[in-house]
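K.L.:
One letter stands for each residue in the lines below.
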Amino acid sequence: MSFPLLKQTFKANFAVWSLVTLVMNAILAQLILMKQTATMVGPMYYGMLASTIIALFVVICGDKVLVGQVDQGSMAYILTAPIKRTTVALTQMGYLIGSLIVTFGLMVGTSLLANNIADAGFKSQVLIDLNLGAFMVALAFAGIVFAASGIFNLSKFALGTGGLLVILFILLAIIGSFADYGVKALDTVQDLTIVSLFDYKNIMIEGSQWLPKLAVLGGIAVATFGVGTAFFAKKDLPL
Amino acid sequence: MQAMIEMTKLTKAYKQERGVFGMKLQIRPGEIVGIVGQNGAGKTTTMRMLMGFIKPTSGHSEISGLDTWQSAAKTKALIGYVPGEIAFPDTKSGATFLKMQLELLRRSQDVYVNELIQRFKIDLTADIKRMSKGMKQKTALVCAFMTQAPLLLLDEPTTGLDPVMRETFIDLLLQVKTKGTTVFLSSHMFNELERTCDRILFLKNGQVIDQLDQKKVTALHQYQRVMIQGTDEQDYNRLMQTNFELVDSEPERYTVTLLVNEKQTAPLLDLLQTIELQNISFSIQNLDNYFEKELATH
Ligand SMILES: Nc1ncnc2c1ncn2[C@@H]1O[C@H](COP(=O)(O)OP(=O)(O)OP(=O)(O)O)[C@@H](O)[C@H]1O
Ligand SMILES: [Mg+2]
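Here the protein sequences come in this chain order: A and B.
Per this note's numbering, residue 1 is the first one in the first sequence, and the count goes up by one each step.
Per this note's numbering, residue 240 is the first one in the second sequence, and the count goes up by one each step.
By construction, these hints were calculated from the structure, which means they are not laboratory data.
Small disclaimer: the values here were computed from a predicted structure and weren't measured.
Heads up, the beta-carbon is just placed ideally off N, CA and C, and yes, glycines get one too.
The reader is advised that the hints may include incorrect statements.
Stated by the list, open to error - Label pairs and their computed distance ranges (CB to CB): (1) B:Gln-309 with A:Lys-7: 26 to 36 Å; (2) A:Gly-207 with B:Gln-348: 55 to 65 Å; (3) B:Lys-254 with A:Leu-186: 40 to 50 Å; (4) A:Phe-3 with B:Gln-309: 17 to 27 Å; (5) B:Lys-455 with A:Lys-156: 10 to 20 Å; (6) B:Asn-444 with A:Asn-153: 21 to 31 Å; (7) B:Asp-306 with A:Gln-30: 21 to 31 Å; (8) A:Ala-233 with B:Gly-304: 19 to 29 Å; (9) A:Gly-98 with B:Thr-247: 56 to 66 Å; (10) B:Thr-247 with A:Ile-167: 45 to 55 Å; (11) A:Phe-157 with B:Gln-255: 16 to 26 Å; (12) B:Gln-348 with A:Phe-157: 31 to 41 Å.
What the hints assert, rightly or not - In silico contact screen, one side only, chain B against chain A (beta carbon under 10 Å); selected entries: (13) Ala-311; (14) Met-339; (15) Leu-344; (16) Cys-382; (17) Gly-399; (18) Pro-402; (19) Thr-496.
As the list claims (entries may be wrong) - Computed cross-link-like contacts, DSSO-like style, restricted to lysine-lysine with a CA-CA straight-line distance of at most 27 Å: (20) A:Lys-11 with A:Lys-84; (21) A:Lys-234 with B:Lys-254; (22) A:Lys-234 with B:Lys-313; (23) B:Lys-331 with A:Lys-11; (24) A:Lys-235 with B:Lys-313; (25) A:Lys-64 with B:Lys-313; (26) A:Lys-64 with B:Lys-368; (27) A:Lys-156 with B:Lys-455; (28) A:Lys-11 with B:Lys-375; (29) A:Lys-156 with B:Lys-331; (30) B:Lys-248 with A:Lys-64; (31) A:Lys-11 with B:Lys-368; (32) A:Lys-156 with B:Lys-294; (33) B:Lys-338 with A:Lys-64; (34) A:Lys-235 with B:Lys-263; (35) A:Lys-234 with B:Lys-248; (36) A:Lys-84 with B:Lys-454; (37) A:Lys-84 with B:Lys-338; (38) A:Lys-156 with B:Lys-502; (39) A:Lys-234 with B:Lys-263; (40) A:Lys-84 with B:Lys-248.
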């Protein structure tokens, strides 16, 4: 990790990160605080909104940390410093993961606090697990975007693959969610998206199936972050 | 003494026979070497290989004995680089950018950096995205020079600079040369290379096809280009039949341009007596003219 680079990346992405984090916390607090909407925290917020809003940060900033700067040419300045390409990739990856940890860490705090104030009746452990699940989806998304960001030299290709895949997963999750409202034919759609590996329903009934599913998301993240780093270290850069 | 840059059969083969092929070159510490060539000749590709940004298809290059691809992070400590295309990161102003860059290089804004900023008359408060081409180029130059690295790799460092800044750049180059800095730079402008370079390589289609050292440059300057305008077809034919080297001819104006060396003044005067002279002008043969010829013949 390179600290000066981390600082630069943090500054460059601060606006998007803080906005996304603010919106996510605000909506979550709102839903828990209002009695009528507390039931929607599961299906609407963790089932849909959380992954959709965090995807904004992941796609925009995941693109910007590597391929955006290669495409634009400003990566040349980072790489004129005596810094290994692997270090650059790991620093940017560290930034993405670190930001997500802070975002979801804050959400744990927000949800526990709102639950306490409104007496909404969620068990603390359930709220913690829900946020952990949403974090794992975000992490897998970040890995996918990061892989594309490391592989390609043009932003449009990275967005057209990694970014598109993430959006596709979200769309499939939204379409699949109608299965819960009686459209049984849509059940299979849920198997097509990694978002459903975050089994919020199982977490809410305090089941035991959700944890191994999250491990799969973790595996996707490890693999994709690895791929992105490896490609970035070896490829030709037009700088 | 160990060479600062050493290229052995350095090749980057792109599709359609583009790229750089079998480049062999040794640059001693303290030397200033220029590389010229048309658009697409392979200058930037060569620079990128030296920076470890692209991997040679075959052959290899070393900087101070370190492989430029394998040990790219280590060699960077020895290099100040100006990329062929300048694009700055998204920050506010030139000042924030320089500060960022100094942090990455783990240096502080010392007297030398301030001196560079003054010499290039850089307006640090200017919005980095609104900078003119020349302003960007100057900022990039400061970034390269402020490293005080023993080697400068400059890809077309003077594009966009006004004549005054071009002079400033040349002065600075000559100044770092006295400190023993090695410089490898590319350019389209032969004449600015002529004043600074110990050697100039001529690159065409990815291959070095000619090399000029100071001796050759001096020899070149002993030639004058003489443009002679006659009055009629007869004059023109006579002018065309001389033993002087012909550089250019315009039949409609009965004009030819000949290359005449110092020792050939007598034959030139003889020639002039045989025609009815309309006009004559002399100009010194410079590198631009030389490479013009080179481009035409190869
Ligand atoms: N990534 C690439 N893929 C395919 N071809 C490439 C690539 N990079 C460069 N080339 C080709 O290699 C040749 C050399 O390009 P290079 O950029 O080195 O030229 P140059 O001498 O720097 O030209 P200029 O004076 O225009 O800057 C060109 O024909 C170019 O099209
Ligand atoms: Mg170029």
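K.L.:
Give a verdict on every hint.
P.N.:
We went through each hint and held it up to the structure:
With their beta carbons about 29 Å apart, Gln-309 of chain B and Lys-7 of chain A fall inside the hinted range of 26 to 36 Å. One distance hint, 55 to 65 Å for the beta-carbon pair Gly-207 of chain A and Gln-348 of chain B, holds here, with the actual separation near 59 Å. Checked against the hint of 40 to 50 Å, the C-beta distance between Lys-254 of chain B and Leu-186 of chain A comes to roughly 47 Å, which is consistent with it. With their beta carbons about 26 Å apart, Phe-3 of chain A and Gln-309 of chain B fall inside the hinted range of 17 to 27 Å.
Distance hint check for Lys-455 of chain B and Lys-156 of chain A: the Cβ-Cβ separation is about 47 Å, which falls outside the suggested range of 10 to 20 Å. Our hint of 21 to 31 Å for Asn-444 of chain B and Asn-153 of chain A holds, since their Cβ atoms are close to 24 Å apart. Between Asp-306 of chain B and Gln-30 of chain A the beta carbon distance is about 58 Å. The supplied range of 21 to 31 Å is therefore violated. Take Ala-233 of chain A and Gly-304 of chain B: their Cβ atoms lie about 23 Å apart, and the range 19 to 29 Å holds.
Between Gly-98 of chain A and Thr-247 of chain B the beta carbon distance is about 43 Å. The supplied range of 56 to 66 Å is therefore violated. Checking the proposed 45 to 55 Å range against Thr-247 of chain B and Ile-167 of chain A shows it holds: the Cβ atoms sit about 48 Å from each other. Evaluation of the 16 to 26 Å hint for Phe-157 of chain A and Gln-255 of chain B yields a pass: the beta carbon distance comes to about 22 Å. Checking the proposed 31 to 41 Å range against Gln-348 of chain B and Phe-157 of chain A shows it holds: the Cβ atoms sit about 38 Å from each other.
About 7 Å separates the beta-carbon of Ala-311 of chain B from the nearest beta-carbon of chain A, less than 10 Å, and the hint is met. Interface hint at Met-339 of chain B: satisfied, since its Cβ lies 6 Å from the closest Cβ of chain A, which is below the 10 Å cut-off. Checking Leu-344 of chain B against chain A: minimum C-beta separation of about 5 Å stays under 10 Å; hint holds. Contact between Cys-382 of chain B and chain A, as hinted, is supported at the beta carbon level, the nearest pair being about 7 Å apart and thus within 10 Å.
For Gly-399 of chain B, the interface hint is violated, the least distance from its beta-carbon to any beta-carbon of chain A being 15 Å, above 10 Å. A hinted interface residue such as Pro-402 of chain B counts as satisfied when its beta carbon comes closer than 10 Å to some beta carbon of chain A; here the least separation is about 27 Å, so the hint is violated. A hinted interface residue such as Thr-496 of chain B counts as satisfied when its beta carbon comes closer than 10 Å to some beta carbon of chain A; here the least separation is about 41 Å, so the hint is violated. Between Lys-11 of chain A and Lys-84 of chain A the CA atoms are separated by roughly 21 Å; this keeps the pair inside 27 Å, and the hint holds.
Distance restraint check for Lys-234 of chain A and Lys-254 of chain B: the Cα-Cα separation of roughly 20 Å lies within the 27 Å cut-off, and the hinted pair is therefore satisfied. The suggested pairing of Lys-234 of chain A with Lys-313 of chain B holds, with an alpha-carbon distance near 16 Å, which does not exceed 27 Å. Among the hinted pairs, Lys-331 of chain B with Lys-11 of chain A is consistent with the structure: their alpha-carbon atoms are about 11 Å apart, no more than 27 Å. Restraint check for Lys-235 of chain A and Lys-313 of chain B: the C-alpha separation of about 18 Å stays at or below 27 Å, so the hint holds.
Annotation: proposed proximity of Lys-64 of chain A to Lys-313 of chain B holds, straight-line Cα distance about 26 Å (limit 27 Å). For the hint pairing Lys-64 of chain A with Lys-368 of chain B, the CA-to-CA distance comes to about 17 Å; that is within 27 Å, so the pair holds. Our distance criterion of 27 Å between C-alpha atoms is broken by Lys-156 of chain A and Lys-455 of chain B, whose separation comes to about 49 Å. For the proposed pair Lys-11 of chain A and Lys-375 of chain B, the alpha carbon gap of about 22 Å is at most 27 Å, so the pair holds.
Among the hinted pairs, Lys-156 of chain A with Lys-331 of chain B is consistent with the structure: their alpha-carbon atoms are about 25 Å apart, no more than 27 Å. With a CA separation close to 37 Å, the supplied pair Lys-248 of chain B and Lys-64 of chain A exceeds the 27 Å bound. For the given pair, Lys-11 of chain A sits about 17 Å from Lys-368 of chain B by alpha-carbon distance, which is consistent with the 27 Å threshold. As the CA atoms of Lys-156 of chain A and Lys-294 of chain B are separated by approximately 24 Å, the hinted pair is consistent with the 27 Å bound.
This hinted pair checks out: Lys-338 of chain B and Lys-64 of chain A have alpha carbons roughly 21 Å apart, not beyond 27 Å. Taken as a hint, the Lys-235 of chain A and Lys-263 of chain B pair is honoured in the structure, with Cα atoms around 24 Å apart against an allowance of 27 Å. Only pairs whose Cα atoms come within 27 Å are accepted, and Lys-234 of chain A paired with Lys-248 of chain B is accepted, the gap being roughly 21 Å. Note on Lys-84 of chain A and Lys-454 of chain B: the hinted pairing is violated, with a Cα-Cα distance of about 42 Å set against a maximum of 27 Å.
Only pairs whose Cα atoms come within 27 Å are accepted, and Lys-84 of chain A paired with Lys-338 of chain B is accepted, the gap being roughly 21 Å. Our distance criterion of 27 Å between C-alpha atoms is broken by Lys-156 of chain A and Lys-502 of chain B, whose separation comes to about 63 Å. For the hint linking Lys-234 of chain A to Lys-263 of chain B, the alpha-carbon distance of about 24 Å falls within 27 Å, and the restraint holds. Taken as a hint, the Lys-84 of chain A and Lys-248 of chain B pair is honoured in the structure, with Cα atoms around 26 Å apart against an allowance of 27 Å.
Going through the hint list in order, the structure does not satisfy hints 5, 7, 9, 17, 18, 19, 27, 30, 36, 38.
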